[in-house]
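Engineer: Sequence:
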Amino acid sequence: MPRKGTTPMPEYGIDVSSWNSAYDWHAARGNNITYASVKLTQGNYYLSPAAREQVHGARNAGICAGGYHFADHRNGVAANVTTFVDTARELGLLDTGAFLPMLDVEDSPADGISWNASTANTFVSEWIRHLRDTTGVQQVAVYANLSAWRALLRPDEWCDDNVALWLALYNGDPGNTGGYTHPRLALHQHTSQGRVPGIAGDVDRNVTVGPFSLDHLTLGTVTPPPAAGPPPDGDTYTVAPGDTLSGIAARYGLDWRDLARTNALPNPDLIYPGQVLQLRGGAPAPDGATYTVQPGDTLSAIAARAGTTWQHLQQINSIPDANRIYPGQVLRVDGAAPAPAVRTYTVAPGDTLSGIAARYGTTYQALAAANGIANPDLIYPGQILTIP
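Residues in the sequence shown are numbered consecutively from 3, following our numbering.
Hints were generated in silico from the structure; no laboratory data involved.
Pair ranges (Cβ atoms, derived): (1) GLY174 to PRO51: 25 to 33 Å; (2) VAL332 to ALA376: 35 to 43 Å; (3) PRO10 to SER320: 49 to 57 Å.
Yeah, the Cβ is synthetic: ideal placement off N, Cα and C, and Gly gets one too.
Using the sequences and the hints given, assemble the complete structure.
Structural biologist: And the structure:
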(Lines of atoms letter the chains of each structure in order from A and count residues from 1; the text may use other names and numbers.)
(Lines give C-alpha, C1' and ligand atoms only; values in the text may rest on other atoms or scores of the structure.)
Protein backbone atom coordinates (compact mmCIF):
# COMPACT_ATOMS: atom_id res chain seq x y z
CA MET A 1 0.00 0.00 0.00
CA PRO A 2 1.51 3.38 -0.97
CA ARG A 3 2.43 5.63 1.93
CA LYS A 4 0.28 8.73 2.22
CA GLY A 5 2.00 12.00 1.51
CA THR A 6 4.76 10.51 -0.63
CA THR A 7 5.17 10.99 -4.36
CA PRO A 8 7.90 8.74 -5.74
CA MET A 9 9.73 9.46 -8.96
CA PRO A 10 7.79 8.21 -12.00
CA GLU A 11 8.95 4.88 -13.37
CA TYR A 12 8.63 3.94 -17.02
CA GLY A 13 7.62 0.72 -18.72
CA ILE A 14 6.13 -0.78 -21.86
CA ASP A 15 3.50 -3.34 -22.78
CA VAL A 16 4.01 -5.65 -25.74
CA SER A 17 2.17 -8.27 -27.76
CA SER A 18 3.01 -10.45 -30.75
CA TRP A 19 2.80 -7.29 -32.89
CA ASN A 20 5.97 -6.00 -31.25
CA SER A 21 9.44 -7.18 -32.20
CA ALA A 22 12.02 -6.80 -29.44
CA TYR A 23 15.56 -7.33 -30.69
CA ASP A 24 17.59 -5.94 -27.77
CA TRP A 25 16.00 -5.89 -24.32
CA HIS A 26 19.24 -4.65 -22.77
CA ALA A 27 18.99 -1.51 -24.90
CA ALA A 28 15.41 -1.02 -23.67
CA ARG A 29 16.55 -1.38 -20.07
CA GLY A 30 19.29 1.14 -20.75
CA ASN A 31 16.58 3.59 -21.84
CA ASN A 32 15.10 3.51 -18.32
CA ILE A 33 12.45 0.87 -19.06
CA THR A 34 12.01 -0.93 -15.74
CA TYR A 35 8.88 -3.06 -16.32
CA ALA A 36 7.11 -4.79 -19.20
CA SER A 37 3.63 -6.28 -19.37
CA VAL A 38 3.45 -9.02 -22.02
CA LYS A 39 0.24 -10.18 -23.69
CA LEU A 40 -0.11 -13.88 -22.96
CA THR A 41 -3.66 -14.86 -23.82
CA GLN A 42 -7.09 -13.82 -25.07
CA GLY A 43 -10.44 -15.36 -24.17
CA ASN A 44 -10.06 -19.13 -24.06
CA TYR A 45 -8.71 -19.45 -27.59
CA TYR A 46 -5.46 -17.54 -28.04
CA LEU A 47 -1.91 -17.91 -26.72
CA SER A 48 0.63 -15.34 -27.93
CA PRO A 49 3.39 -17.09 -29.91
CA ALA A 50 5.83 -14.33 -28.87
CA ALA A 51 5.12 -14.38 -25.13
CA ARG A 52 7.80 -16.83 -24.01
CA GLU A 53 10.63 -15.09 -25.87
CA GLN A 54 9.44 -11.64 -24.74
CA VAL A 55 9.20 -12.64 -21.08
CA HIS A 56 12.61 -14.32 -21.04
CA GLY A 57 14.21 -11.44 -22.94
CA ALA A 58 12.86 -8.81 -20.56
CA ARG A 59 13.86 -10.76 -17.47
CA ASN A 60 17.36 -11.44 -18.73
CA ALA A 61 17.85 -7.70 -19.20
CA GLY A 62 16.76 -6.93 -15.64
CA ILE A 63 13.29 -5.69 -16.58
CA CYS A 64 10.43 -6.69 -14.26
CA ALA A 65 8.15 -8.81 -16.49
CA GLY A 66 4.45 -9.49 -16.06
CA GLY A 67 1.63 -10.92 -18.15
CA TYR A 68 -1.73 -9.64 -19.29
CA HIS A 69 -4.93 -11.21 -20.57
CA PHE A 70 -7.27 -9.71 -23.18
CA ALA A 71 -10.76 -10.41 -21.86
CA ASP A 72 -13.57 -11.96 -23.90
CA HIS A 73 -16.75 -12.28 -21.81
CA ARG A 74 -18.37 -14.60 -24.35
CA ASN A 75 -16.14 -17.47 -23.14
CA GLY A 76 -17.03 -17.09 -19.46
CA VAL A 77 -14.88 -15.92 -16.57
CA ALA A 78 -13.58 -19.34 -15.50
CA ALA A 79 -12.34 -20.25 -18.98
CA ASN A 80 -10.65 -16.85 -19.35
CA VAL A 81 -8.89 -17.24 -16.01
CA THR A 82 -7.79 -20.82 -16.67
CA THR A 83 -6.36 -19.95 -20.08
CA PHE A 84 -4.36 -17.08 -18.59
CA VAL A 85 -3.22 -18.91 -15.46
CA ASP A 86 -1.96 -21.96 -17.38
CA THR A 87 0.44 -19.80 -19.39
CA ALA A 88 1.33 -17.32 -16.63
CA ARG A 89 2.26 -20.15 -14.27
CA GLU A 90 4.39 -21.85 -16.90
CA LEU A 91 6.34 -18.61 -17.42
CA GLY A 92 6.71 -17.85 -13.70
CA LEU A 93 4.58 -14.71 -13.94
CA LEU A 94 2.53 -15.53 -10.84
CA ASP A 95 5.62 -15.84 -8.66
CA THR A 96 7.03 -13.38 -6.15
CA GLY A 97 8.91 -10.61 -7.96
CA ALA A 98 6.84 -10.61 -11.16
CA PHE A 99 5.03 -7.52 -12.39
CA LEU A 100 1.40 -7.80 -11.36
CA PRO A 101 -1.00 -9.59 -13.76
CA MET A 102 -3.26 -7.32 -15.78
CA LEU A 103 -6.77 -7.75 -17.20
CA ASP A 104 -7.29 -5.80 -20.45
CA VAL A 105 -10.93 -4.72 -20.86
CA GLU A 106 -11.63 -3.12 -24.22
CA ASP A 107 -13.77 -3.54 -27.30
CA SER A 108 -12.31 -5.39 -30.28
CA PRO A 109 -14.61 -5.14 -33.30
CA ALA A 110 -12.30 -7.42 -35.30
CA ASP A 111 -12.82 -10.16 -32.70
CA GLY A 112 -16.49 -9.40 -32.07
CA ILE A 113 -15.81 -8.28 -28.49
CA SER A 114 -17.94 -5.45 -27.10
CA TRP A 115 -18.82 -4.49 -23.55
CA ASN A 116 -21.66 -2.85 -21.66
CA ALA A 117 -21.49 -1.62 -18.09
CA SER A 118 -23.31 -4.56 -16.52
CA THR A 119 -21.29 -7.22 -18.32
CA ALA A 120 -17.97 -5.43 -17.78
CA ASN A 121 -18.28 -4.85 -14.04
CA THR A 122 -19.61 -8.34 -13.36
CA PHE A 123 -16.82 -9.87 -15.42
CA VAL A 124 -14.05 -7.84 -13.77
CA SER A 125 -15.32 -8.61 -10.28
CA GLU A 126 -15.56 -12.34 -11.00
CA TRP A 127 -12.21 -12.40 -12.81
CA ILE A 128 -10.46 -11.00 -9.74
CA ARG A 129 -12.19 -13.52 -7.45
CA HIS A 130 -11.44 -16.49 -9.71
CA LEU A 131 -7.80 -15.48 -10.17
CA ARG A 132 -7.31 -15.17 -6.41
CA ASP A 133 -9.12 -18.43 -5.68
CA THR A 134 -7.12 -20.32 -8.28
CA THR A 135 -3.63 -18.91 -7.70
CA GLY A 136 -3.45 -17.20 -4.31
CA VAL A 137 -2.22 -14.05 -6.11
CA GLN A 138 -3.99 -11.03 -4.62
CA GLN A 139 -2.48 -8.18 -6.65
CA VAL A 140 -3.99 -7.48 -10.05
CA ALA A 141 -4.31 -4.55 -12.46
CA VAL A 142 -7.33 -3.67 -14.60
CA TYR A 143 -6.67 -1.77 -17.84
CA ALA A 144 -9.13 0.32 -19.85
CA ASN A 145 -9.26 3.58 -21.80
CA LEU A 146 -10.51 6.89 -20.45
CA SER A 147 -14.02 6.62 -21.88
CA ALA A 148 -14.44 3.17 -20.31
CA TRP A 149 -13.25 4.39 -16.90
CA ARG A 150 -15.66 7.31 -17.05
CA ALA A 151 -18.76 5.68 -18.51
CA LEU A 152 -18.45 1.89 -18.25
CA LEU A 153 -16.38 0.65 -15.33
CA ARG A 154 -17.30 1.22 -11.68
CA PRO A 155 -14.14 0.34 -9.75
CA ASP A 156 -15.63 1.19 -6.36
CA GLU A 157 -17.77 -1.96 -6.76
CA TRP A 158 -14.81 -4.34 -7.08
CA CYS A 159 -11.58 -2.46 -6.33
CA ASP A 160 -9.69 -3.07 -3.08
CA ASP A 161 -6.20 -2.25 -1.83
CA ASN A 162 -4.66 -4.97 -4.01
CA VAL A 163 -6.19 -3.77 -7.28
CA ALA A 164 -4.38 -1.21 -9.45
CA LEU A 165 -6.14 0.80 -12.16
CA TRP A 166 -4.36 1.27 -15.48
CA LEU A 167 -5.51 4.13 -17.71
CA ALA A 168 -4.99 4.32 -21.47
CA LEU A 169 -5.01 7.96 -22.60
CA TYR A 170 -2.82 8.75 -25.59
CA ASN A 171 -1.93 12.38 -24.97
CA GLY A 172 1.86 12.07 -25.09
CA ASP A 173 2.02 13.64 -21.63
CA PRO A 174 3.17 11.04 -19.07
CA GLY A 175 1.19 11.35 -15.86
CA ASN A 176 -1.50 13.68 -17.25
CA THR A 177 -4.59 11.51 -16.75
CA GLY A 178 -7.06 13.89 -18.37
CA GLY A 179 -8.72 14.79 -15.10
CA TYR A 180 -9.54 11.18 -14.21
CA THR A 181 -8.67 10.37 -10.61
CA HIS A 182 -9.05 7.38 -8.32
CA PRO A 183 -7.13 6.37 -5.18
CA ARG A 184 -6.01 3.17 -6.93
CA LEU A 185 -5.01 4.77 -10.26
CA ALA A 186 -1.42 3.54 -10.63
CA LEU A 187 -0.45 3.51 -14.31
CA HIS A 188 -0.92 5.75 -17.33
CA GLN A 189 -0.41 4.40 -20.85
CA HIS A 190 0.36 7.72 -22.51
CA THR A 191 1.18 6.72 -26.09
CA SER A 192 0.80 3.82 -28.50
CA GLN A 193 3.50 5.28 -30.75
CA GLY A 194 6.41 5.32 -28.36
CA ARG A 195 9.95 4.68 -29.47
CA VAL A 196 12.29 2.60 -27.33
CA PRO A 197 15.79 1.42 -28.30
CA GLY A 198 15.77 -2.33 -28.83
CA ILE A 199 12.06 -2.44 -29.78
CA ALA A 200 11.26 -2.23 -33.48
CA GLY A 201 8.65 0.35 -34.49
CA ASP A 202 5.91 1.76 -32.28
CA VAL A 203 5.36 0.46 -28.76
CA ASP A 204 2.96 1.33 -25.92
CA ARG A 205 4.69 3.35 -23.19
CA ASN A 206 3.52 3.61 -19.59
CA VAL A 207 4.37 5.56 -16.46
CA THR A 208 3.54 5.14 -12.78
CA VAL A 209 1.36 7.90 -11.33
CA GLY A 210 0.57 9.37 -7.94
CA PRO A 211 1.99 7.55 -4.91
CA PHE A 212 2.64 4.32 -6.81
CA SER A 213 6.09 2.96 -7.62
CA LEU A 214 7.28 -0.28 -9.18
CA ASP A 215 7.61 -1.76 -5.69
CA HIS A 216 3.84 -1.43 -5.24
CA LEU A 217 3.20 -3.15 -8.58
CA THR A 218 5.50 -6.13 -8.04
CA LEU A 219 4.07 -9.35 -6.62
CA GLY A 220 5.03 -9.86 -3.00
CA THR A 221 4.81 -13.15 -1.16
CA VAL A 222 2.08 -15.13 -2.88
CA THR A 223 -0.40 -16.90 -0.61
CA PRO A 224 -0.99 -20.34 -2.15
CA PRO A 225 -4.56 -21.56 -2.56
CA PRO A 226 -5.76 -23.81 0.27
CA ALA A 227 -4.22 -27.27 0.14
CA ALA A 228 -6.50 -29.79 -1.48
CA GLY A 229 -8.47 -31.74 1.08
CA PRO A 230 -10.68 -34.80 0.87
CA PRO A 231 -14.27 -34.27 -0.27
CA PRO A 232 -16.79 -34.06 2.55
CA ASP A 233 -18.90 -37.06 3.45
CA GLY A 234 -21.34 -37.93 0.71
CA ASP A 235 -19.18 -36.46 -2.06
CA THR A 236 -21.26 -33.28 -2.17
CA TYR A 237 -20.58 -29.65 -1.32
CA THR A 238 -23.07 -26.91 -0.51
CA VAL A 239 -22.13 -23.59 -2.08
CA ALA A 240 -21.50 -20.80 0.43
CA PRO A 241 -21.72 -17.03 -0.20
CA GLY A 242 -18.61 -15.84 -2.04
CA ASP A 243 -17.73 -19.27 -3.45
CA THR A 244 -16.55 -19.73 -7.02
CA LEU A 245 -16.43 -23.00 -8.91
CA SER A 246 -12.66 -22.69 -9.38
CA GLY A 247 -12.19 -22.03 -5.67
CA ILE A 248 -14.23 -25.09 -4.70
CA ALA A 249 -12.33 -27.20 -7.21
CA ALA A 250 -8.96 -26.03 -5.87
CA ARG A 251 -10.05 -26.79 -2.31
CA TYR A 252 -10.69 -30.45 -3.15
CA GLY A 253 -7.94 -31.03 -5.71
CA LEU A 254 -10.37 -31.12 -8.63
CA ASP A 255 -10.66 -29.39 -12.00
CA TRP A 256 -13.48 -26.82 -12.31
CA ARG A 257 -14.29 -28.16 -15.79
CA ASP A 258 -14.93 -31.61 -14.32
CA LEU A 259 -17.18 -30.07 -11.66
CA ALA A 260 -19.12 -28.18 -14.32
CA ARG A 261 -19.63 -31.35 -16.38
CA THR A 262 -20.55 -33.50 -13.37
CA ASN A 263 -23.21 -31.00 -12.30
CA ALA A 264 -24.39 -30.10 -15.83
CA LEU A 265 -23.67 -26.41 -15.22
CA PRO A 266 -24.34 -24.48 -18.44
CA ASN A 267 -22.43 -21.47 -17.07
CA PRO A 268 -19.61 -22.27 -14.61
CA ASP A 269 -19.53 -18.61 -13.57
CA LEU A 270 -23.04 -18.87 -12.10
CA ILE A 271 -23.39 -20.86 -8.90
CA TYR A 272 -25.60 -19.93 -5.96
CA PRO A 273 -25.42 -20.10 -2.16
CA GLY A 274 -27.24 -23.24 -1.03
CA GLN A 275 -26.67 -25.05 -4.33
CA VAL A 276 -25.51 -28.65 -3.76
CA LEU A 277 -22.69 -29.79 -6.04
CA GLN A 278 -21.58 -33.34 -6.72
CA LEU A 279 -17.81 -33.56 -6.29
CA ARG A 280 -17.32 -36.94 -7.91
CA GLY A 281 -18.20 -38.38 -11.28
CA GLY A 282 -16.36 -35.82 -13.38
CA ALA A 283 -14.08 -36.86 -16.21
CA PRO A 284 -10.66 -37.83 -14.86
CA ALA A 285 -7.44 -36.38 -16.14
CA PRO A 286 -6.67 -37.99 -19.49
CA ASP A 287 -4.95 -41.30 -18.85
CA GLY A 288 -5.99 -43.42 -21.81
CA ALA A 289 -5.05 -43.38 -25.48
CA THR A 290 -7.27 -40.41 -26.37
CA TYR A 291 -8.88 -37.35 -24.83
CA THR A 292 -11.88 -35.39 -26.10
CA VAL A 293 -11.42 -31.63 -25.88
CA GLN A 294 -13.95 -29.89 -23.62
CA PRO A 295 -15.10 -26.24 -23.71
CA GLY A 296 -12.45 -24.08 -22.05
CA ASP A 297 -9.63 -26.59 -22.55
CA THR A 298 -6.19 -25.47 -23.72
CA LEU A 299 -3.47 -27.70 -25.06
CA SER A 300 -1.15 -26.74 -22.21
CA ALA A 301 -3.80 -27.60 -19.61
CA ILE A 302 -4.51 -30.98 -21.21
CA ALA A 303 -0.78 -31.67 -21.36
CA ALA A 304 -0.34 -30.81 -17.68
CA ARG A 305 -3.15 -33.17 -16.72
CA ALA A 306 -1.68 -35.94 -18.88
CA GLY A 307 1.81 -35.41 -17.46
CA THR A 308 3.40 -34.30 -20.72
CA THR A 309 4.15 -31.14 -22.70
CA TRP A 310 1.93 -29.23 -25.09
CA GLN A 311 4.68 -29.50 -27.72
CA HIS A 312 4.48 -33.31 -27.56
CA LEU A 313 0.69 -33.27 -27.92
CA GLN A 314 0.95 -30.84 -30.82
CA GLN A 315 3.45 -33.11 -32.56
CA ILE A 316 1.65 -36.44 -32.17
CA ASN A 317 -1.70 -34.90 -33.19
CA SER A 318 -0.30 -32.89 -36.15
CA ILE A 319 -1.85 -29.69 -34.81
CA PRO A 320 -0.71 -26.75 -36.98
CA ASP A 321 -1.55 -24.07 -34.38
CA ALA A 322 -1.25 -25.01 -30.70
CA ASN A 323 -3.52 -22.08 -29.81
CA ARG A 324 -6.43 -23.56 -31.77
CA ILE A 325 -8.15 -26.66 -30.46
CA TYR A 326 -11.90 -27.23 -30.48
CA PRO A 327 -14.54 -28.82 -28.22
CA GLY A 328 -15.19 -32.35 -29.45
CA GLN A 329 -11.75 -32.71 -31.02
CA VAL A 330 -10.20 -36.10 -30.13
CA LEU A 331 -6.53 -35.95 -29.21
CA ARG A 332 -4.02 -38.74 -28.81
CA VAL A 333 -2.39 -38.62 -25.40
CA ASP A 334 -0.65 -42.00 -25.52
CA GLY A 335 3.11 -42.24 -25.59
CA ALA A 336 3.39 -38.96 -23.74
CA ALA A 337 6.73 -38.57 -22.03
CA PRO A 338 6.84 -36.65 -18.73
CA ALA A 339 7.79 -33.01 -19.06
CA PRO A 340 11.57 -32.67 -18.77
CA ALA A 341 13.00 -30.87 -15.76
CA VAL A 342 14.05 -27.31 -16.50
CA ARG A 343 17.81 -26.77 -16.21
CA THR A 344 19.25 -23.36 -15.45
CA TYR A 345 22.73 -21.89 -15.14
CA THR A 346 23.81 -18.70 -13.39
CA VAL A 347 26.40 -16.77 -15.38
CA ALA A 348 29.75 -16.35 -13.59
CA PRO A 349 32.39 -13.68 -14.26
CA GLY A 350 34.38 -14.57 -17.39
CA ASP A 351 31.69 -16.85 -18.84
CA THR A 352 30.85 -16.78 -22.54
CA LEU A 353 27.70 -18.12 -24.13
CA SER A 354 29.70 -20.48 -26.33
CA GLY A 355 31.61 -21.80 -23.31
CA ILE A 356 28.40 -22.45 -21.37
CA ALA A 357 26.88 -24.12 -24.44
CA ALA A 358 29.88 -26.45 -24.80
CA ARG A 359 29.63 -27.37 -21.12
CA TYR A 360 26.02 -28.53 -21.59
CA GLY A 361 26.40 -30.13 -25.01
CA THR A 362 24.38 -27.55 -26.91
CA THR A 363 25.09 -24.56 -29.16
CA TYR A 364 25.31 -20.89 -28.32
CA GLN A 365 22.59 -20.25 -30.92
CA ALA A 366 20.21 -22.58 -29.07
CA LEU A 367 21.03 -20.90 -25.75
CA ALA A 368 20.45 -17.46 -27.24
CA ALA A 369 17.10 -18.51 -28.70
CA ALA A 370 15.93 -20.17 -25.47
CA ASN A 371 16.73 -17.07 -23.43
CA GLY A 372 15.70 -14.28 -25.80
CA ILE A 373 19.29 -13.03 -26.11
CA ALA A 374 19.63 -10.70 -29.08
CA ASN A 375 23.41 -10.31 -28.81
CA PRO A 376 25.16 -13.56 -27.80
CA ASP A 377 28.30 -11.59 -26.95
CA LEU A 378 26.48 -9.80 -24.13
CA ILE A 379 25.77 -11.84 -21.02
CA TYR A 380 26.21 -10.71 -17.44
CA PRO A 381 27.36 -12.24 -14.14
CA GLY A 382 24.31 -13.27 -12.14
CA GLN A 383 22.13 -13.70 -15.24
CA ILE A 384 20.09 -16.92 -15.08
CA LEU A 385 20.00 -18.90 -18.32
CA THR A 386 17.60 -21.68 -19.26
CA ILE A 387 19.46 -24.67 -20.72
CA PRO A 388 17.42 -26.15 -23.62
